[in-house]
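Based on the sequences and whatever the hints tell you, model everything.
There are 2 protein chains.
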Amino acid sequence: MSQQFDNVSVVKQGNVYFDGKCVSHTVILADGTRKSVGVILPSKLVFNTGAPEIMELIAGKCVVKLAGASESQTYTGGQSFNVPGNSSFDIETLETLHYVCHFG
Amino acid sequence: MSQQFDNVSVVKQGNVYFDGKCVSHTVILADGTRKSVGVILPSKLVFNTGAPEIMELIAGKCVVKLAGASESQTYTGGQSFNVPGNSSFDIETLETLHYVCHFG
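Line by line, the protein sequences are chains X and F.
FYI, the numbering for the first sequence is 1277 to 1380, going by the numbering used here.
FYI, the numbering for the second sequence is 1277 to 1380, going by the numbering used here.
Honestly, the hints are just simulated from the structure, not real lab data.
Hints may contain errors.
Pairs count within a copy or across copies, as identical chains cannot be separated in the list.
To be verified - Result set (DSS-like, lysine-lysine): computed pairs, CA atoms no more than 25 Å apart in a straight line: (1) Lys1337 x Lys1297; (2) Lys1320 x Lys1337; (3) Lys1320 x Lys1297.
Here it is in structure tokens:
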């Protein structure tokens, strides 16, 4: 996996969620696809999804419980998890997460 | 001023400073120049510089006092301030800052 996106646009203004527990910047690929690169600080948060998402973890450690799931699962850097659209997930970040979020 | 960088690379792993009060991502221009896009949450911090920096504020509000300066100055989105190399500055962020940092 490449450690960087090449030939992309980056929006200078970031996105701040949950009082700054999550900060991301929007990346736009050459074909117009939007992704975000972000950081989640140690916390317990609930994220809601519009479009389906793939959360690709670059570094860090978290415990995730998808809406309707009976069990939670631990993920670390190098792993990914999928979240359905119009849903939500509980995420407990144990070690600061660096992620790429893929939409749609 | 453009709201985004175009035709750049972006490092997927972010940079986290001061327990997450400052989160940035590195952007690499086509000519190899490195910049960073970042967010500083409301806080009082002291930043040290290696290379000289130009802090370009995209949004937010802060009060800055450069090392050796007798007075502090207030800056808001749309303004910039210069910091010498091998120096430091006190920055009180009053409203979450979105910035681009230019080095060298």
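How the hints compare with the structure:
no.: 1; hint: Lys1337 x Lys1297; result: both (15 Å within a copy, 20 Å between copies)
no.: 2; hint: Lys1320 x Lys1337; result: within (12 Å within a copy, 28 Å between copies)
no.: 3; hint: Lys1320 x Lys1297; result: both (9 Å within a copy, 17 Å between copies)
The structure fails none of the hints (numbered hints given earlier).
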